[in-house]
Amino acid sequence: MTGIRPGRLNGITDVAGIRVGHYERIGDGWLTGTTVVLAPPAGATGGVDVRGGGPGTRETDLLDPRNLVDRVNAVVLGGGSAFGLDAAGGVMRRLATAGIGFPVGSEPGQVVPIVPAAVLFDLGRGGDWSAVPDASFGAAAFDAASAGPVPMGTVGAGTGAVAGGLKGGVGSASAVLPPDPTSPTEITVGALVAVNAVGSCVDPATGALHGLPLLLPDELAVADFPPVSGMPATARSDGPGVGLHTTIGVVATDAALTKAQCQKLAGVAHDGMARAVRPVHSMFDGDTIFVLATGDGPALGLTAFNRLLEVAADAVSRAIVHGMLAATGAGGFRGYRETAGPG
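So the sequence shown is numbered by our numbering: it starts at 22 and just counts up by one.
Hints were generated in silico from the structure; no laboratory data involved.
It cannot be assumed that every hint is accurate.
FRET-style restraints, in silico, Cβ to Cβ [said to hold, decoys possible]:
{"hint": "1", "residue 1": "148", "residue 2": "24", "range": "45 to 51 Å"}
{"hint": "2", "residue 1": "130", "residue 2": "75", "range": "20 to 26 Å"}
{"hint": "3", "residue 1": "319", "residue 2": "131", "range": "27 to 33 Å"}
{"hint": "4", "residue 1": "322", "residue 2": "47", "range": "44 to 50 Å"}
{"hint": "5", "residue 1": "130", "residue 2": "88", "range": "33 to 39 Å"}
{"hint": "6", "residue 1": "199", "residue 2": "133", "range": "38 to 44 Å"}
{"hint": "7", "residue 1": "124", "residue 2": "86", "range": "16 to 22 Å"}
For clarity, every value in this text was computed on a predicted model and none was experimentally measured.
Glycine residues also receive a C-beta, built at the ideal position from the N, C-alpha and C atoms.
Can you build the whole structure from these sequences, using the hints too?
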């Protein structure tokens, strides 16, 4: 597909109205955090697809196209395994205070904010198994939310992440689809992923990241990739034995989509995960992708929607590459750049 380019920020916040906030704690037994992806005040049409064998999720049944609520106010991603789902409560409180949510009463402010969430396993990676995100993490991430460039690497939900024996992290990417006869205006799609996989993001034959070939030309021109020749064999493996992990993410677009289309987009977005992480969707992962569609008006037609599916999956792969490149060592795990570079 020709004419695809990254958005101005090359992140999920290139989708108008989307904001991202992180909060994390590092040190004194802590190595974990929370990330929130906020929809515009009016919400966004939502979808989800859960593929891993060990998911930790909240409010995913609500996103089934057969069910009532079709507007999502925020998505929370975090560490802490199932304990970390508490962070979504802090985001709910902030949204409720602002009067944002699903109306359930006759008076203004009588709302229930719709905040689906997914968590990854990072328990004990900072040394203290009881150091897990709670509602205060979600509130702090909400307060930090911005429409600016997305901080990546060892931040938010990626703070304690590990992928295939290397330090994982949060990555983000975006793409702008040019107009064509099936869609007279540009479509922007962005992805944010917290990479914490049992599988590896690294090609064992070359030491290069699996998702590297999917980067757009503009990204390749400015990226500073480490030399792969120095990558030790241990880092190119699937990691130091089977553990508990999970890769989670959000895809957002300014296209108008139905709930069913959002669910389909979430499913195809997992193809991008599979291209960048091998193996993926294991019994020890809870791999989950949410979708937020902010557009109004008639839903995207079949041909234009098919273009969006293709580009969104690649955006997920690219976000994973960015997360691995941005991750810095912590908890005894070295980042990809640190491992591939000198020393």
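Query raised in the report: Would you say the C-beta atoms of residue 148 and residue 24 sit inside 45 to 51 Å of each other?
Result: holds (49 Å)
Query raised in the report: Honestly, do residue 322 and residue 47 meet the 44 to 50 Å range at C-beta?
Result: With Cβ atoms ~47 Å apart, the hint holds.
**Report entry** Cβ separation of residue 130 and residue 75, checked against the hinted range 20 to 26 Å
**Finding:** Between residue 130 and residue 75, where Cβ atoms are some 38 Å apart, the hint is violated.
Query raised in the report: In this structure, is the beta-carbon distance linking residue 130 and residue 88 contained in 33 to 39 Å?
Result: Since residue 130 and residue 88 have Cβ atoms about 24 Å apart, the given range 33 to 39 Å is violated.
Requested in this report: Evaluate the given range 16 to 22 Å for the C-beta pair formed by residue 124 and residue 86.
Outcome: Holds: the Cβ-Cβ distance is about 21 Å, inside 16 to 22 Å.
Requested in this report: May I ask you to test the hint 27 to 33 Å on the CB atoms belonging to residue 319 and residue 131?
Outcome: Roughly 31 Å apart at Cβ, these two residues keep to the hinted range, so it holds.
Query - Whether the CB-CB distance between residue 199 and residue 133 falls inside 38 to 44 Å - result: holds (39 Å)
Going down the numbered hints, you'll see the structure goes against 2 and 5, while the others check out.
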